[in-house]
Structures are given as structure tokens and as C-alpha cells.
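Q: One-letter residues, chain by chain:
There are 2 protein chains.
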Amino acid sequence: MEFFPAPLEKLVEQFARLPGIGGKTAQRLAFHVLSLPEEDAREFADAIVDAKRSVTCCPVCQNLTDGGVCAICASNKRDVSTVCVVAEARDVIAIERAREYNGLYHVLHGVLSPMNHVGPDDIRIRSLVERVGKGEIREVIMATNPDTEGEATAMYIARLLKPFDVKVTRLAYGIPVGGHLEFADDATLMRALEGRREI
Amino acid sequence: MEFFPAPLEKLVEQFARLPGIGGKTAQRLAFHVLSLPEEDAREFADAIVDAKRSVTCCPVCQNLTDGGVCAICASNKRDVSTVCVVAEARDVIAIERAREYNGLYHVLHGVLSPMNHVGPDDIRIRSLVERVGKGEIREVIMATNPDTEGEATAMYIARLLKPFDVKVTRLAYGIPVGGHLEFADDATLMRALEGRREI
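Those protein sequences? They're chains A and B, same order as listed.
Be aware that the first sequence starts at 1, since it is given in this note's numbering, and climbs by one per residue.
Be aware that the second sequence starts at 1001, since it is given in this note's numbering, and climbs by one per residue.
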């Protein structure tokens, strides 16, 4: 598209690289940036550089933090004997939002995926085993996604943790709250029946 | 959402301000930026600041340019006796893409809109009248959008240009190519009938 001035063209390309942003949307976003006051555009640019530079991983749980141990690990109100293992930092946020869980986390930053050449050394499994090895943890909740890779990762880690004196649990499967039975797939219904509880 | 480190939270907010980007998408984009190599993130940030700083309006046609007169006005291959008046710079790109038009443009940067307090002095009408006043232009094609405001703007400008010796035309209305008669609205069909041509 030779119709844009070069700097605008470049910005459109940058937006188009973002996941889920197509060419038309990238154009719309770039035009929006042009319409911003200069300081707002600079603020946006600074936010990108800042986030990238100052957000790191917590040395304990590998969750995202802006320096040192993360807020959850540093808190003295959390139950340090329980660790919830998730694939991505955004999963921590999802669980925190439910306001039900009060233990610690461990973020794997990925799942095992032989198809994509992701092996045990490519995600943060070793640091989890080391944490469990210290002996303070009583329960490890596997909260990876309920898909093939998440499942396999949970199984693999459960097997690794066998030698230690910890309970390894998995999130319950079932029908989502507010869901409709008629739209539930067979596998979910099967698991929901399997996991039925007395009321 | 107190769950994010502050710099990440800020970046999510920045993305969420973009048009058509909701909270969830903003989160996804922010996480994507975190996953980029540092130089890519910096390049993205620079593209924003750069585009905002170096893209200005062409002093002749008000189209976007990265310095001085725009490529279309500067070209000696364009028909300088025809000017196509559009509301926004992105409309220039749409028309250029059709590869049918070879004249110059005039970008209004908006349309008259009493509801939003946009009057004739808030869009680039005066510079258009001045251009026409110089006497080189033979035809002005009004190519604002076919909605109420675009229509009113076209009418207003046509009236302003009455005293000059120029032909003022309007884009043809009709059924879009590839469209279906059954889905065309009444107004469009009426215009399509009105504007019928011999074949």
C-alpha cells in the first residue's frame, strides 16, 4: 500500500502484527493514534516500553511482577501450604478474580507440547519441583487448561511430584455455571456425571 | 483490577482506550507485547511516536504526508483540473485503491455536524474555496459519505462554490457491485432507479 506516508505505514504494520488485529483494524487504530494529542501518543508509547522493561517474573512463583517477589508471594495473608499451578500469568488473574482461592501460585509459562517442540525444560517445571522439595507445600492444585496439552502437562507434573509428600489435585470438570445441558459436549457431560456429588 | 503489576495495568488501559478494543482484547494485546523481544516492543513504541510526530497535513490538499506537499499533489502525472473532496484521509486511500481516479484530492478532516458542534470553520472548507478561487480547477467531485452529514456537507460546499466557474459533481448512488437487490434498502433502490443508464 503505497498510499500512506511511510511513518503511518510503519505504524499500521506494527498494529497488524498484534494477535487478532487484521489490516483494516490496524489502519483504524493507526488513524486513531494520529488523532490523539501528542502527549497521549507518547504516553501510549512509554507504556509499551515501560511494561516490557519493568515487568519481570517473580523468582518464587514465576508470576509477573514489577520488581522482586510478587505481591501474592510477599503477602502474609496467603496460605503457603497450597500451590496452584497454571499455564500463563493471565490464568492467575482469572483465579484471583473468583475470590475463592487463598494459596500461592506457580506459573509454568506454557504447557508441554511435543508438536511445538516445547519440552519439560522449556517451561518452569524445575522451579516448581524445587519449591515442593523444600517441604512446606501440602497440596499442589493442577489448574492447566482442560485440553490435551494442559491435561498432559498436569499428568507429567503429577508424576514428577509422586516422590514428595504432597497431595496433587486437579480442578473439577463439569458443566459451566449458566451453561445449557443441550450445548454441553459429550466429554464434558461424561465428566460431569462422573464427578457428581450428593446434595 | 489490582492483580496486574502497575506497568502492565497501565499498558492494558492504554490499549483499552483504542477504538473497538475492549477490556479482554486489551489484556491479550498487553500480554502479547510482554512476550515480544525488547527491541520489537521498542520499535512498536517508536512507530507510535514517529507517526504522531512526523505525519502532518499537506498544505495544498490537507491529506496526510510525512513532510511538505503530499505525493499526490507533488506528482506531475495527475490531472490538476479535477479535485475530489473527501471527509477523511482514509477515504483518499479507498479511492486510490480503485485505480480509476487520476485527479487531486481535498481532505476536509470531518463533516458538518450541528449535533456535534462541527461548523464550517471546524473542517478544511476555506482552503478548498481558496484552491478553487485560483481558477485552475474545472471540476470538484463531492465524495463525502452518503449519509445525512456527508450529504449536507456536500450540499453546503456545492453552494459555496456556485460563484466560481467549476462543475460540482457527486459520486453516483446505486446498488453496490456484488450486492443483492433483495437486501438493498428503499432509498438505495430509489436512487439506483433514478440514476439508471442506457446499456
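Worth flagging that the hints you see were computed from the coordinates, not collected in a lab.
Glycine is no exception: its CB is placed at the ideal position from the N, C-alpha and C atoms.
Do not rely on the hints blindly, as some may be mistaken.
[To be verified] Coverage of chain A stretches by chain B, computed from C-beta distances (three or more under 8 Å per stretch; other residues unrestricted): (1) 8-15; (2) 48-57; (3) 83-96; (4) 121-132; (5) 170-178.
[As the list claims (entries may be wrong)] Calculated pairs, SDA-like style, for lysine to any residue (alpha carbon to alpha carbon, straight line, at most 20 Å): (6) B:K1010 with A:E38; (7) B:K1077 with B:R1053; (8) A:K10 with B:E1043.
Q: Against the structure, test the hints numbered earlier, and report the numbers of the ones violated in rising order.
A: 4, 5 and 7
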